[in-house]
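**Student:** Residue strings, one per chain:
Protein chains: 2
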Amino acid sequence: MKLLKDAILERGRVKDGDVLKVDAFLNHQMDVELINEIGREFHRLYKGQGVNKILTIEASGIGIACIAAQHFGVPVVFVKKTQSRNIDGEVYTSKVTSFTHQREYDVIVSKNFLNENDRVLLIDDFLAKGSALLGLIELVRQSGATIVGAGICIEKGFDTGGKLVRSEGVHVESLAIIKEFKDGKIVFED
Amino acid sequence: MKLLKDAILERGRVKDGDVLKVDAFLNHQMDVELINEIGREFHRLYKGQGVNKILTIEASGIGIACIAAQHFGVPVVFVKKTQSRNIDGEVYTSKVTSFTHQREYDVIVSKNFLNENDRVLLIDDFLAKGSALLGLIELVRQSGATIVGAGICIEKGFDTGGKLVRSEGVHVESLAIIKEFKDGKIVFED
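Respectively, the protein sequence lines represent chains A and B.
Heads up: the first sequence at position 147 corresponds to 147 in the UniProt record's numbering, and the numbers run straight through without jumps.
Heads up: the second sequence at position 101 corresponds to 101 in the UniProt record's numbering, and the numbers run straight through without jumps.
Bear in mind the hints are in silico, worked out from the structure with no lab data behind them.
Any given hint could be a false lead.
Because identical chains cannot be distinguished in the list, a pair is counted as satisfied if it fits within a single copy or across any two copies.
What the hints assert, rightly or not - With a Cα cut of at most 25 Å, we get these calculated SDA-like pairs of lysine to any residue: (1) Lys95 / Asn36; (2) Lys182 / Phe99; (3) Lys95 / Asn115; (4) Lys21 / Gly73; (5) Lys185 / Gly12; (6) Lys5 / Glu104; (7) Lys129 / Val14; (8) Lys47 / Glu37; (9) Lys21 / Glu116; (10) Lys111 / Asp183; (11) Lys95 / Glu58; (12) Lys15 / Gly50; (13) Lys15 / His43; (14) Lys129 / Val74; (15) Lys5 / Arg141; (16) Lys129 / Asn112; (17) Lys111 / Val19; (18) Lys185 / Val96; (19) Lys179 / Gln142; (20) Lys111 / Thr160; (21) Lys95 / Gln70; (22) Lys111 / Glu10; (23) Lys47 / Arg166; (24) Lys185 / Asn112; (25) Lys95 / Glu33; (26) Lys47 / Phe181; (27) Lys15 / Ser110; (28) Lys111 / Lys163.
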């Protein structure tokens with residue numbers, strides 16, 4: 001998606017070799033006009049496939065998922081990273097490792113909001129090692145729902161996550177795939 | 001806001017006396033059509049006051065803030081609850097106590113995204129004891145930005161937060177104010 005790639009090149013920053021910071025427009029400050037175009041593109045890629053629910057994980061994915069969900073006319077369910085006193089009833093649960101925060105989270109979603117009749121689109125901002133996305137896939141499979149696919153804003157194509165998730169048989173559409181960081185410059189896959 | 005009050009009455013649940021669960025449409029599963037009407041109402045209440053940025057706190061506030069921001073045509077900045085390796089540069093910092101999770105968080109926002117030229121609307125899903133909103137106010141004041149006001153979906157009018165925040169001189173608009181829970185039933189202020 002050219003608009004996203006242009007934003008990454010113009011407003012993203014490469015730190016410490018292979019850390020891409022997009023906090024100016026995607027995951028700390030959020031450019032809602034750009035994110036609306038991202039949502040429009042996810043809809044173009046997944047429309048007509050019966051998506052009735054968008055699943056994401058807190059925190060960065062929520063805004064992207066909510067704006068994308070407006071194009072599909074479906075609700076969002078966001079997976080929570082820690083058990084909350086306000087989550088009652090039974091939950092599906094899995095584990096996610098955050099390499100950014102260097103810790104492991106329990107992730108949960110209420111059984112009230114995910115079931116075998118759902119056709120789910122997974123949405124997240126980044127795909128690198130794939131731990132978050134694999135955690136979402138595990139939760140959906142526990143629920144018996146159908147995974148239509150995953151919509152990712154930025155995939156680190158040189159990292160292991162994309163291969164792992166696709167080897168699980170999940171269709172992944174990434175709007176910007178980074179091939180490599182070369183001398184501090186971002187090189188996208190075609 | 002009648003639409004929100006109706007949703008609370010029809011889809012909310014009162015637990016343990018005074019815990020209101022709205023996870024069916026606001027803070028776990030998110031009804032984006034309803035949230036779009038909430039965003040439209042925040043814009044009606046705060047339009048023409050030069051709002052150029054919406055500030056919220058992860059996680060539940062992010063989706064509401066992003067959809068509301070589309071009505072204002074401004075970016076969202078969401079405050080983070082824990083120091084992240086991917087937040088570099090200097091940050092404004094404060095503390096927030098979560099009574100739901102029974103813990104205290106450090107909350108941070110990058111100085112890159114909040115400054116003395118900003119006119120900020122604060123948005124969050126709930127106002128009860130006010131700790132999250134007071135944390136946001138503290139961060140904005142550190143930045144020198146102007147607080148235009150706060151837009152809250154649901155205020156527990158019987159709790160202390162609303163008085164505390166208003167006594168700080170911050171204008172608060174809450175779309176549904178709960179007067180009391182009477183025999184497990186929700187009573188709204190007029």
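**Student:** Checked against the structure, which of the hints given earlier come out wrong?
**Tutor:** Hints 1, 6, 10, 12, 13, 14, 15, 16, 18, 19, 20, 21, 25, 26 and 28 are the ones this structure does not satisfy, whereas the remaining hints hold.
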